[in-house]
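Trainee: In case you want the letters, here they are:
There are 2 protein chains.
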Amino acid sequence: MMNIDSTDRQRLSEIRDLYAENLYESVIPFWERHSIDTDHGGYLTCLERDGSVYDTDKFMWLQAREIWMFSHLYNRVRPESRWLEFASIGISFLERFGTDDKGDFYFALRQDGKPLVAPYNIYSDCFAVLAYAEYGRASGDPAMLAKAIAIHERIGKRKSDPKGIYNKQITENREIKTFGFSMIELNMAQVLMQNTGDSRYMSTISEVTESILNDFIDHENNIVYERLGADGSHPDCMEGRLLCPGHVCEVLWFLAKSTDDPELLKEFAQALKWTLERGWDRDHGGIFYYQDSEGLPTDKLESEMKLWWVHDEAIYAALLLGYLTEDEQLIEWFFRLHDWSWPRFVDSEYGEWFGYLYHNGERAKSLKGGKWKGFFHLPRFLLESIDTLDLMLETP
Amino acid sequence: MMNIDSTDRQRLSEIRDLYAENLYESVIPFWERHSIDTDHGGYLTCLERDGSVYDTDKFMWLQAREIWMFSHLYNRVRPESRWLEFASIGISFLERFGTDDKGDFYFALRQDGKPLVAPYNIYSDCFAVLAYAEYGRASGDPAMLAKAIAIHERIGKRKSDPKGIYNKQITENREIKTFGFSMIELNMAQVLMQNTGDSRYMSTISEVTESILNDFIDHENNIVYERLGADGSHPDCMEGRLLCPGHVCEVLWFLAKSTDDPELLKEFAQALKWTLERGWDRDHGGIFYYQDSEGLPTDKLESEMKLWWVHDEAIYAALLLGYLTEDEQLIEWFFRLHDWSWPRFVDSEYGEWFGYLYHNGERAKSLKGGKWKGFFHLPRFLLESIDTLDLMLETP
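Respectively, the protein sequence lines represent chains U and G. Once you know that position 130 of the first sequence is 130 in the working numbering, the rest is easy, because the numbers rise by one and skip nothing. Once you know that position 109 of the second sequence is 109 in the working numbering, the rest is easy, because the numbers rise by one and skip nothing.
These are computed hints drawn from the structure, not numbers from a lab. Check the hints yourself; a few may be wrong.
All copies of an identical chain are treated as equivalent in the list; a pair is satisfied when it fits inside any one copy or across any two copies.
[Unchecked claim] Derived BS3-like pairs: lysine-lysine, alpha-carbon spacing no greater than 30 Å straight-line:
| # | residue 1 | residue 2 |
| --- | --- | --- |
| 1 | K102 | K273 |
| 2 | K371 | K157 |
| 3 | K273 | K114 |
| 4 | K371 | K266 |
| 5 | K163 | K273 |
| 6 | K157 | K273 |
| 7 | K114 | K177 |
| 8 | K266 | K114 |
| 9 | K114 | K257 |
| 10 | K163 | K177 |
| 11 | K177 | K273 |
| 12 | K257 | K102 |
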């Protein structure tokens with residue numbers, strides 16, 4: 001096993017306690033206190049620095065992710081009855097208002113459940129799979145697990161044309177596959193397997209692993225791409241050259257959880273190091289949101305901003321793959337990413353983390369939750385990190 | 001007439017010469033040299049700092065706007081044959097590849113004209129109206145003017161449901177009208193009237209003026225809104241509270257060009273001062289891209305970035321309305337905005353302007369053109385400013 005010297009051991013132990021305190025004393029209480037919509041069911045996610053609500057719309061990604069998270073805490077940490085209750089408040093809202101007549105999940109709803117944005121985005125359905133699967137196990141209700149499986153099957157049928165009538169891309173003239181979908185397929189397969197115990201999802205995990213290794217990781221140029229052409233190339237255009245280091249970090253630790261093959265783990269560790277080295281901002285620190293593989297301009301104005309979830313995923317990927325492959329460079333990355341992120345993102349006054357920093361690390365937004373930031377990346381990262389740190393600290 | 005003291009006169013005169021030099025020696029030559037696609041027709045707009053091409057896709061907004069701009073230079077400045085030729089290279093490309101079977105304009109095409117993104121965005125058609133109208137007069141081809149009128153009529157029929165099948169909003173549960181569409185309606189009416197000489201477009205101009213005065217300008221709270229509820233309210237949600245100062249500046253100078261009513265002009269001047277005071281960044285200078293009317297978080301990550309077009313429109317609106325209403329505060333705003341923008345946006349090494357600065361005024365992107373930045377706002381602003389400055393300097 002990895003040889004951890006006493007200074008590192010001390011630091012890792014302090015960070016473990018810091019993460020546990022942050023998760024249980026700050027992050028979870030913030031969402032328990034401010035996000036439960038006792039009037040209409042579901043969750044309020046547009047929360048200002050102090051938890052006050054600045055918008056009441058309900059975004060399906062975040063509704064489903066919060067159900068998953070409360071259920072996951074119940075399943076994994078301890079069977080705390082209020083976590084199950086908070087999860088069920090979300091599930092009831094989803095059951096009542098979540099889908100259109102065909103069973104596709106809306107993108108956004110009003111506070112009272114009336115739909116605002118049509119089901120154009122299949123990720124809403126994907127996060128619903130996570131929610132129903134994890135809640136199914138927590139509640140012990142087989143109908144919920146069955147629903148997770150049914151939604152997942154429906155996604156399987158829609159996935160060749162996920163946007164359906166809302167698709168604006170004319171794919172016969174340029175077909176581009178995105179990394180994001182492989183990532184969520186992997187996540188669904190892992191969560192379904194964990195909660196149903198059904199091993200048939202292993203084949204999806206193997207397929208996605210293959211696809212990421214062969215298609216998205218470019219071993220010649222040391223790049224992990226976000227997009228892929230139909231012929232397996234990375235088209236030399238803005239779209240084709242786009243990189244998103246946060247996605248890469250996230251998928252690499254998903255992949256690392258699904259294998260104990262040391263050669264595979266080494267490949268993931270290598271891809272992670274390429275991504276961190278390329279994604280690290282040498283001027284201001286932190287990991288870029290988007291990059292162009294050739295250093296050319298991207299079409300994203302927010303490319304150089306520093307996002308909480310990117311840093312959560314990067315910290316945990318470095319920790320997990322550093323631990324699993326005994327790679328000291330990755331443990332150094334873990335410390336560097338932690339040290340940069342902690343003082344900038346954590347709000348020691350009102351709890352939780354800020355979500356968005358400017359390129360230079362100054363705070364860009366005061367919000368704790370919004371249209372895209374909910375109760376998901378941050379608590380998941382803290383939970384995973386605590387467990388991995390415990391394993392590391394157990395070894396003598 | 002306005003009393004301009006000799007110091008101001010000197011500064012205005014220097015700025016006039018600076019703008020003329022920038023327009024004719026830097027901006028126009030940059031696009032003439034780098035953007036004409038002699039292989040496939042149309043224009044390349046994704047241009048790096050030095051003019052090199054980093055993406056060859058053709059975005060309909062920018063194709064049409066560049067046709068308008070070259071035609072406008074020909075019509076307004078002098079009948080320079082190469083400007084007409086450059087415009088005709090764009091028109092031929094539009095004629096050949098611009099629309100689908102139904103006559104709706106695509107959003108994006110490959111370099112060779114094959115469509116990439118379906119006609120989901122009616123602004124593509126609106127900019128095509130500007131292109132055909134202005135080119136029609138420049139070329140003297142009545143078929144081109146007829147086409148402008150026909151596309152405009154088609155937009156009139158589509159405008160109640162501009163996104164058609166691509167619409168994701170479920171408007172029965174929340175209907176929100178955007179300022180942007182009023183703005184482009186005004187712009188189309190002005191350009192059609194100017195190029196066809198047909199005064200029937202005056203009624204649109206009057207209607208839009210009324211709507212902006214009554215619906216979007218909130219005289220109680222000194223705010224010009226970007227969005228409007230169906231009942232004329234400004235819904236208290238992220239969408240409803242969104243402000244975009246650059247749009248306001250742009251539409252106010254459009255409106256000012258269409259009236260000589262001194263009371264109306266004073267209203268526009270007042271609305272402009274509210275917008276500039278609210279939109280000015282007191283920490284770093286410059287005008288914000290987006291704001292929330294209550295100071296709450298917006299859902300736009302790029303809200304505090306400083307964009308070239310916002311500053312072009314703000315500078316010119318302050319100049320024109322300052323001149324027309326003899327408002328010294330606005331002339332001060334003109335100087336302040338010019339002084340802030342010039343050293344930050346102008347590239348004295350390779351010509352043209354940078355497009356995107358971070359919140360703190362540092363350069364965010366090296367590009368001169370992209371998916372959204374083309375040959376439009378900047379040369380139009382310089383041209384308009386030179387003319388207005390000449391008028392101001394003529395008065396003794």
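Trainee: Which hint numbers does the structure go against, in order from smallest to largest?
Mentor: Hints 1, 3, 4, 5, 6, 8, 9, 12 are the ones this structure does not satisfy, whereas the remaining hints hold.
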